[in-house]
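Number of protein chains: 2
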Amino acid sequence: MRYVMVQIPKSTTPALPAPRSVPTSADVARLAGVSRATVSYVLNNTSAVRISEPTRRRVHQAAKELGYVPHAAARSLRAGHSRMVLMPAPAVQAGPLYSQFLNDLQWALGRLDYTVVQYGSVGLCDDEAARAWAELRPVAVLVPGVELGPAGVAVLKRSGARAVVTLGSEPVEGAHALLMDHEGVGRVAGAHLHARGRRRVGVVVPEEPGLESLSRLRLAGVRDALAGTDAVVTELPLAYEEEAAARLAARWRELGLDAVFTYNDEYGMLLMRALQDEGVRIPQETAVIGADDLMLGRLLRPRLSTVHIELPSGRDLAELVDRAVREPGAAPETHQVLGSSVVHRESS
Amino acid sequence: MRYVMVQIPKSTTPALPAPRSVPTSADVARLAGVSRATVSYVLNNTSAVRISEPTRRRVHQAAKELGYVPHAAARSLRAGHSRMVLMPAPAVQAGPLYSQFLNDLQWALGRLDYTVVQYGSVGLCDDEAARAWAELRPVAVLVPGVELGPAGVAVLKRSGARAVVTLGSEPVEGAHALLMDHEGVGRVAGAHLHARGRRRVGVVVPEEPGLESLSRLRLAGVRDALAGTDAVVTELPLAYEEEAAARLAARWRELGLDAVFTYNDEYGMLLMRALQDEGVRIPQETAVIGADDLMLGRLLRPRLSTVHIELPSGRDLAELVDRAVREPGAAPETHQVLGSSVVHRESS
Numbered sequence: 001m002r003y004v005m006v007q008i009p010k011s012t013t014p015a016l017p018a019p020r021s022v023p024t025s026a027d028v029a030r031l032a033g034v035s036r037a038t039v040s041y042v043l044n045n046t047s048a049v050r051i052s053e054p055t056r057r058r059v060h061q062a063a064k065e066l067g068y069v070p071h072a073a074a075r076s077l078r079a080g081h082s083r084m085v086l087m088p089a090p091a092v093q094a095g096p097l098y099s100q101f102l103n104d105l106q107w108a109l110g111r112l113d114y115t116v117v118q119y120g121s122v123g124l125c126d127d128e129a130a131r132a133w134a135e136l137r138p139v140a141v142l143v144p145g146v147e148l149g150p151a152g153v154a155v156l157k158r159s160g161a162r163a164v165v166t167l168g169s170e171p172v173e174g175a176h177a178l179l180m181d182h183e184g185v186g187r188v189a190g191a192h193l194h195a196r197g198r199r200r201v202g203v204v205v206p207e208e209p210g211l212e213s214l215s216r217l218r219l220a221g222v223r224d225a226l227a228g229t230d231a232v233v234t235e236l237p238l239a240y241e242e243e244a245a246a247r248l249a250a251r252w253r254e255l256g257l258d259a260v261f262t263y264n265d266e267y268g269m270l271l272m273r274a275l276q277d278e279g280v281r282i283p284q285e286t287a288v289i290g291a292d293d294l295m296l297g298r299l300l301r302p303r304l305s306t307v308h309i310e311l312p313s314g315r316d317l318a319e320l321v322d323r324a325v326r327e328p329g330a331a332p333e334t335h336q337v338l339g340s341s342v343v344h345r346e347s348s
Numbered sequence: 001m002r003y004v005m006v007q008i009p010k011s012t013t014p015a016l017p018a019p020r021s022v023p024t025s026a027d028v029a030r031l032a033g034v035s036r037a038t039v040s041y042v043l044n045n046t047s048a049v050r051i052s053e054p055t056r057r058r059v060h061q062a063a064k065e066l067g068y069v070p071h072a073a074a075r076s077l078r079a080g081h082s083r084m085v086l087m088p089a090p091a092v093q094a095g096p097l098y099s100q101f102l103n104d105l106q107w108a109l110g111r112l113d114y115t116v117v118q119y120g121s122v123g124l125c126d127d128e129a130a131r132a133w134a135e136l137r138p139v140a141v142l143v144p145g146v147e148l149g150p151a152g153v154a155v156l157k158r159s160g161a162r163a164v165v166t167l168g169s170e171p172v173e174g175a176h177a178l179l180m181d182h183e184g185v186g187r188v189a190g191a192h193l194h195a196r197g198r199r200r201v202g203v204v205v206p207e208e209p210g211l212e213s214l215s216r217l218r219l220a221g222v223r224d225a226l227a228g229t230d231a232v233v234t235e236l237p238l239a240y241e242e243e244a245a246a247r248l249a250a251r252w253r254e255l256g257l258d259a260v261f262t263y264n265d266e267y268g269m270l271l272m273r274a275l276q277d278e279g280v281r282i283p284q285e286t287a288v289i290g291a292d293d294l295m296l297g298r299l300l301r302p303r304l305s306t307v308h309i310e311l312p313s314g315r316d317l318a319e320l321v322d323r324a325v326r327e328p329g330a331a332p333e334t335h336q337v338l339g340s341s342v343v344h345r346e347s348s
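One line per chain: the protein sequences are P and G, in this order. According to full-length UniProt numbering, the first sequence is numbered sequentially starting from 1. According to full-length UniProt numbering, the second sequence is numbered sequentially starting from 1.
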C-alpha cells in the first residue's frame, strides 16, 4: 500500500471541526498559535492584561473561522455573574399596555448592555420559581406581580443575583420595590363617576383567570372613592364573551345602575356594545368608563372615557436595575409608580 | 476579660453561609456527610447510580437548609446541553393572536419538561443574534420571522443546539421549517372581495416599522388572487392613528374604491370608524375585511368580516421540538402551517 501526501486546497478544507463537535477555546488557541489564557483575555475583553493588536486580531480571526462561541455559562461561572436580567414571562396574555412597557424596558436595558431574558415559569410558584430562575444565575431579577416572597428573594440573592426588583402592591423584604397603586386606578374612576352625579355604580370584575388580583384592587379603589358618600357599588362578574355581555345587558334596567367602571377598555368595548344593542343610551342612562387608554376606546362612538395609567418608564427602571447591580449592598429602594388620571371623553 | 460560651437557640442560627457567599455543592456534601459526587447524583436525579432513600433525603434536606440551587450553567457544561428552548422575544409589540400562540407553546413545552426562554435581542441581527443565543447553550431554538440565515443555524448547531426550528415564509438550510403562508391571508381576502362583486380593491399597508415583511406578503396575496381578473388593486399606506385614518377617509370617494382589505382587524376598526364618520356606507359603498379574527371585530357595527388565521398548535410545535431534540441527526422537517379562511360577517 502506498501513501501519497496531497495538499488539499484551502478553500475546500475550511478549518472546521468534525460535524457536531463543538469548537472549544483550545481549538481557537491552537489555530491562533496563542495560549488558552490569551484567547480568554481577548474574547472576554479583559482590560487588565495588555495584548497586542495583531494578537487580538489573530484570536478573533481564529474564533470566527472555527465558529467558536464563548459559553455564557462558563463565562458566568468564572465571573460569578452574567449580564442577564431575568423576568418571568407573564402567565396570562399580556395586554397592549404591558407589552409596550416590556418592549421599552428591553430596549433600555439593552442600551446598558444587559440582556433581558423572559423565563416561562408556567406552573411554578414562589420559591420553586425563584429556585428555577436562580439556576440561570441572572445578575438581576425583575418580578412583576405577586409571585415572590422573602424566601424567594433570599434564594435569588444567595445564588448571586445582585438585585431583585418587584413590581407589585406591597414591598417584599430584601427586594427593591416599585409599588404599583392599582387601587388608584379604581379610585380615580369612582371619583369621576361620582363627580358626574352618578350614584349607582357597577364595577366589572373579569372572570378570566389570572386577573383576580388586579381586578380586586381596582374594585377596592372604587369602593374607597365612594365610601362615606350616598353612592352604592355593585360588583359585576363578566366573562370576555359576547354572550356573557348580552346576558348582563339584558338585566341592566333591573340592576338600576347609572354608571359602570369596566375594569379596562376592552371590557368597556364589550359591555358598551351589548348595552347599545339593548337600547341603553350612553352616557344619558349609563355612564361608562374603562382603563388603560387604548386606541380602541377613541374609536368607539360615543368615545370611551378611560383611566390613563402611567407605567414606570423603561428607562427609569433600567437605571434602577443598573444602580442596584453596581451597589448590591445598598438598602432596597421603594418607589411609588403607576400614576392614574381620568381621560374624560363622551361615554361618561 | 471573660468569655462565656452561650448555646444560641437553633431557630436564630439557621445553617446559612455568611451573607452574600453562594452555597456550593461542597457545602451541601459537608452538611449531609456525603461526597460531592453523591450530592451531584442525588440533585441531578441520576438513575445510573443507586443511592439509598435515607441518603437522598439527607442530601435534599441539607440543600434546602443551605438554600443551595444547582447552577444550570454548570449542569449544562457537564451534560453538554440544557432543557432550555430559546426564542427571540418579538422586536415589535406582539398582537393578541401571537401572544396567545406563545402562551400555548410555553405551556406545551413546559409539560414536556422544557423551559422556554424569550431572549431580548434588540438591535442584533442574523449571525450576531445567533451567536448571542448560542452563548446560553439552548438545546433548541425556535425562530419566528426572518431573522436567521444558514450561517446562523450553523453557529447554533455547532454550539450544541440539537434543533433549530424557523417559522417563516422560506425554509432555512439546516433548520426545521414551519412555513407560514402569509400570502394566503391576502389571497383569501382578495378572492372573497372579488366573489362579492368588488373590483376596485384597496389594501392597507401599515406604516408602523416592523410590519413591512408581513404586509408586503399580504398585499402580494391580494394581487395574486386578483391577477387575470378585471379588478384593480390600490396600495393604501396608513399609520395607526386617528388623524391618518381621517385623512385617508376624506379622499375616499376620489379614490373610487369599492372594497378594502385592512391588513388586520385593528386597522379595520381604525379605518371603518373613519369611513363611517365620513358618511361612507359599509358595506353598500365599500366592503371592508380585516384579518386575525379578534374579538373586537365582532363588536363593531357592522360586524367586521375577517380572515381567520390558524396558527400551528402549541402542542404540535412542542412535539416537533421534542422529536427534533431526541433525533438531532434526522433530516429537517418542513410543514405548511397557517391556514387562512374567511369569516364572512356584515362589513363585506
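Honestly, the hints are just simulated from the structure, not real lab data. Wrong hints could be hidden among the right ones.
[Claimed, not checked] Simulated pairs of lysine to aspartate or glutamate, EDC-like, Cα-Cα distance not exceeding 16 Å: (1) G:LYS64 to P:GLU254; (2) P:LYS64 to G:ASP127; (3) P:LYS64 to G:GLU173; (4) P:LYS64 to G:GLU53; (5) G:LYS64 to P:GLU135; (6) G:LYS64 to P:ASP127.
[As the list claims (entries may be wrong)] Here are a few chain G residues that sit away from chain P, every Cβ distance over 10 Å (derived from the structure): (7) PRO23; (8) ALA37; (9) SER99; (10) LEU109; (11) TYR119; (12) ALA134; (13) LEU136; (14) VAL155; (15) GLU170; (16) GLU235; (17) GLU242; (18) GLU266; (19) ARG273; (20) ALA330; (21) THR334.
[Claimed, not checked] Derived Cβ-Cβ restraints for the label pairs, each shown as a range: (22) P:GLU319 to G:GLU242: 28 to 38 Å; (23) P:GLY329 to G:GLU242: 47 to 57 Å; (24) P:GLU310 to G:ARG196: 18 to 28 Å.
Backbone N, C-alpha and C define an ideal beta-carbon position, used for all residues, glycine too.
Taking the hints in turn, this is what the structure says about them:
no. : hint                             : in the structure
1   : G:LYS64 to P:GLU254              : violated (57 Å)
2   : P:LYS64 to G:ASP127              : holds (11 Å)
3   : P:LYS64 to G:GLU173              : violated (20 Å)
4   : P:LYS64 to G:GLU53               : violated (49 Å)
5   : G:LYS64 to P:GLU135              : holds (14 Å)
6   : G:LYS64 to P:ASP127              : holds (11 Å)
7   : PRO23                            : violated (6 Å)
8   : ALA37                            : holds (19 Å)
9   : SER99                            : violated (5 Å)
10  : LEU109                           : violated (7 Å)
11  : TYR119                           : violated (6 Å)
12  : ALA134                           : violated (4 Å)
13  : LEU136                           : violated (5 Å)
14  : VAL155                           : violated (6 Å)
15  : GLU170                           : holds (23 Å)
16  : GLU235                           : holds (23 Å)
17  : GLU242                           : violated (6 Å)
18  : GLU266                           : violated (8 Å)
19  : ARG273                           : violated (4 Å)
20  : ALA330                           : holds (13 Å)
21  : THR334                           : holds (21 Å)
22  : P:GLU319 to G:GLU242: 28 to 38 Å : holds (33 Å)
23  : P:GLY329 to G:GLU242: 47 to 57 Å : holds (50 Å)
24  : P:GLU310 to G:ARG196: 18 to 28 Å : violated (45 Å)
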